[in-house]
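Start from chain A and add chains B and C according to the hints.
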Amino acid sequence: MFGYLLKRLIQMTLVLWVVSVIVFLMMSFTGDPVFMVVPIDATDAEIAQARRILGLDQSLLVQYWRFISSLVQGDFGNSYVFRQPAMTLILERLPATVEMVLVAMALALAVAIPLGVYAGANPESRISRTIMAGSLLGISLPGFWVGMVLIFLFAVHWGFFPSSGRGDTAEFFGLRISLLTADGWHHIILPAVTLSLATMAILLRMTRAGMMEVGRQDFMKFARAKGATRRDVLYKHGLKNALIPVITIFGLQLGDLIAFATITETIFSWPGMGKLLIDSIYRADRPVIVVYLMLVALIFVIINFLVDIVYTLIDPRITLK
Amino acid sequence: MADTAQPKLLEVRNLRTYFHTFAGTVKAVNGVSFDIASGEVMGLVGESGGGKSVVGFSILGLIDSPGKIEGGQILLDGEDLVKAGETRLREIRGRDISMVFQDPMTSLNPLHSVGRQMDEVLRLHSELDAKARHTACVEMLESVGISRAEERLKAYPHQFSGGMRQRVVIAIALLARPRLIIADEPTTALDVTIQSQILKLMRRQIAEKGASMILVTHDLAVVSEMADHITVLYCGNVVERGRTRELIEAPAHPYTRGLIDSIPDLSNRHERLQQIPGTVPDIRNLPKGCNFRDRCPRAQALCAEVEPILTAQRGSLSAACHFPLSPGETA
Amino acid sequence: MTAFFQSEFFFNYRRSSSAMIGSALMAFFALAVLVGPFVVSQNPYDIAALNLMDSYKPPVWLDGGDAQFWLGTDGQGRDVWASILYGARISLFIGLVAMVASCAIGTLLGLIAGFYGGLVDSIIMRVADIQLSFPSILIALFLMSAVGTGVDKVLIALTAVGWVVYARTVRGSTLSEIEKEYVQAAKVAGLPNAKIIRKHVLPNVLTPLIVIATIQVGTFVLIEASLSFLGVGVPITQPSLGLLIKNGFDVLFSGLWWTSVFPGVAIMMLVFGINLFGDFLRDELNPRLK
Chain A
301 MFGYLLKRLI QMTLVLWVVS VIVFLMMSFT GDPVFMVVPI DATDAEIAQA RRILGLDQSL
361 LVQYWRFISS LVQGDFGNSY VFRQPAMTLI LERLPATVEM VLVAMALALA VAIPLGVYAG
421 ANPESRISRT IMAGSLLGIS LPGFWVGMVL IFLFAVHWGF FPSSGRGDTA EFFGLRISLL
481 TADGWHHIIL PAVTLSLATM AILLRMTRAG MMEVGRQDFM KFARAKGATR RDVLYKHGLK
541 NALIPVITIF GLQLGDLIAF ATITETIFSW PGMGKLLIDS IYRADRPVIV VYLMLVALIF
601 VIINFLVDIV YTLIDPRITL K
Chain B
567 MADTAQPKLL EVRNLRTYFH TFAGTVKAVN GVSFDIASGE VMGLVGESGG GKSVVGFSIL
627 GLIDSPGKIE GGQILLDGED LVKAGETRLR EIRGRDISMV FQDPMTSLNP LHSVGRQMDE
687 VLRLHSELDA KARHTACVEM LESVGISRAE ERLKAYPHQF SGGMRQRVVI AIALLARPRL
747 IIADEPTTAL DVTIQSQILK LMRRQIAEKG ASMILVTHDL AVVSEMADHI TVLYCGNVVE
807 RGRTRELIEA PAHPYTRGLI DSIPDLSNRH ERLQQIPGTV PDIRNLPKGC NFRDRCPRAQ
867 ALCAEVEPIL TAQRGSLSAA CHFPLSPGET A
Chain C
26 MTAFFQSEFF FNYRRSSSAM IGSALMAFFA LAVLVGPFVV SQNPYDIAAL NLMDSYKPPV
86 WLDGGDAQFW LGTDGQGRDV WASILYGARI SLFIGLVAMV ASCAIGTLLG LIAGFYGGLV
146 DSIIMRVADI QLSFPSILIA LFLMSAVGTG VDKVLIALTA VGWVVYARTV RGSTLSEIEK
206 EYVQAAKVAG LPNAKIIRKH VLPNVLTPLI VIATIQVGTF VLIEASLSFL GVGVPITQPS
266 LGLLIKNGFD VLFSGLWWTS VFPGVAIMML VFGINLFGDF LRDELNPRLK
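Protein chains in written order, with the numbering used here: chain A, 301 to 621; chain B, 567 to 897; chain C, 26 to 315.
Among the hints, erroneous ones may be present.
Stated by the list, open to error - Each computed PhoX-like pair below joins lysine-lysine, with the alpha-carbon atoms no more than 20 Å apart:
(1) B:LYS574 - B:LYS634
(2) C:LYS224 - C:LYS205
(3) B:LYS649 - B:LYS634
(4) B:LYS593 - B:LYS634
(5) B:LYS720 - B:LYS574
(6) B:LYS775 - A:LYS521
(7) A:LYS540 - A:LYS521
(8) A:LYS540 - B:LYS720
(9) B:LYS720 - A:LYS536
The set of hints was computed from the structure by calculation and includes no laboratory data.
One chain only, chain A, in its complex shape (with noise of 0.2 Å):
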């Protein structure tokens, strides 16, 4: 167990130092970040000075090191629009869009896994086929445009619900949080089910796939042997076995909620840290977007490590190796 902890660190620290590499290297050869920083009608004398400070005049390999250093210290550098560390930024906005994220996987589960066992168990059957249709629809959608017909139809044409912004939060251990404002709840719901419906039509499937394949197992027919009831079955003895699969991509699927957050949050203008990433593109804000990289970065190999901590709680043949 502990040689299995020690490899998984190993793995996940080489991943996120190629990760730095990769974001160093693309971050050097892409624009004059210099430009950010000094006035408009600075001298050349003013804008070496910067270049300077910035340590942009050095080699690569001196570049790469002191941005490598700076990271591990935990030294993100200064935003260049804020003027404010480039963390503290996007930690302010983190707890936003984590809660939309969970709100949306909490939706797409609790409809995507009764709609995909009862598409399983009854495969031939009409409504089975229109859920198929319909889920299908759902990965070919564009979330962005969902996200605007709702905002057109829910909040400009009924006024249902505000279509813009996060609404009043409450204090939860220092953290900001919508969830536990009644107001909260009003304006996560839209964004929240924009983003979901992607990943609901996706675990749907797997889901089902999953219930197909198990339902051709022995033991289902022999759990009803013993007199189980056709629920106990389905729920007891097929979903757990049909999850296996929908577990190893349940991690790939968190991030895919937090990358296409991005958009959600930009279309309903909510201050997570997927907004602040997409407007420090456009303002080529270097720091920031780094900072949200690698704290990405991180969070997609924390959960990696989790999806297979619970792999193993759920299949007992699978041991930590």
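Only chains B and C this time, still in chain A's reference frame:
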């Protein structure tokens, strides 16, 4: 069997189970009748694809689409299971009638511990509390020959060998003290050395618990050791039945003869093994007359015209054949 | 050809309504991008053809609609229908070219990794692993933010995220293929590696790629639309369907919904058609699921 005075536990009357596939209707079971008294073991024998497993699943009401029971009666103590609803069938499954599947590697849920899978039966069919159920599981596991039962209950199926898993499956089948056990090729997937152990175990357990058993198999050697009666199926029909000894020593139907002759006989190892010529006809499109006639050495013109019906022959035997064999006669 | 019409594949195709609908949608878009520009009355990017008097006309079935512009017009008096036909050309062009490039590069890398193994295999597959643990959209977004907008740059970004799936699939089937006796025999007979790969390995690893490639075109159309919607995709001079939606989004709050809703419907129909057909192909070409 009409001569047995014991009350009938299970009577199957003219059972027909069809599968409606795109390629046509498969009449997997087409008018099968037999009965079993309490404490009896009946062998249900036939080639692969002969509809034997379907009989077992029909009795438990476990026929899935595109299959359907089209007609007939399955009387358990006089109650017709074909007409019983799903709720009633669930009470019967596992409690009155239980089943042992062919492949122990796939009949246990890989994600549940053995204890949980055993406990499930008792939770469904008994009023026992958790502690009493646990004790019952331990005892049952020990009685099927699994040592250290207490700790084995916590283990998962993949930690057991094939033979051990089949013991677990048998333990599950026996747990609620059913009156009838349907064993579908219970030893086919096992090593030869394990096979006889498992068969002995089943015979002993059934005798101890006073249960009846339908032993579904393609292996006449197995049933001849285990069964009181044998029913031989061919293309979804009963072609012969009777007491085991009489049927094995002098069958009346040429098909049964063929099955017996294809058993390797160790005492006579130089003799060439017999086989039944030809293959089972396309069950979607059965010919007129006797289904076996194309493979039968005794077939005559009549066999192509008229389908033979099951009629009493000598002793306990009944056979569906226009030209049954006499004792000592080869096919 | 007659063999094809009598095949089981064609028989199943005729019986599958989703395959029929999917290919009908695909055929519609193929036709639209090929002849569309010749059948619409207006070239939406010819400034001379636009008339500001025609701006923000609603679809023809609403009050103020104009029969000349049945899906309405945008702020410059551009016909939405004509914009969609021109936009679908760009979207589909990007999807197809990026798919072909991904497929070519991914297959090549997969063959190399599977056939030669060793260090080169480890490097290619580790890169693929790391890349696969990140969402495509994020990688593409990051690349686009670094290299700037443009059709060529979108193609590069999509290819950079798209090759992995081919490389992994091809590597897997190459590994199982070179174990087979006829390949071993060819090796023993001294055939050059390039020839063994081309004649024996390649033809046997291609079938699973058909499904991946089909579905990927749809995925690419969606990713490109997302990038363009965020303003880091195609330039304003070559508006894809995604960019049309973005432009329409800016006036959505004024109730001018048609300039953004219809291009979205077009993307949905295009991708839905591709996915329907791709699903059918997967069922047909993957015997395990039958």
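Here's how the hints hold up against the structure:
no.: 1; hint: B:LYS574 - B:LYS634; result: violated (26 Å)
no.: 2; hint: C:LYS224 - C:LYS205; result: holds (14 Å)
no.: 3; hint: B:LYS649 - B:LYS634; result: holds (13 Å)
no.: 4; hint: B:LYS593 - B:LYS634; result: holds (10 Å)
no.: 5; hint: B:LYS720 - B:LYS574; result: violated (40 Å)
no.: 6; hint: B:LYS775 - A:LYS521; result: violated (25 Å)
no.: 7; hint: A:LYS540 - A:LYS521; result: holds (16 Å)
no.: 8; hint: A:LYS540 - B:LYS720; result: holds (18 Å)
no.: 9; hint: B:LYS720 - A:LYS536; result: holds (18 Å)
Checked against the numbered hints above, the structure violates hints 1, 5, 6; every other hint is satisfied.
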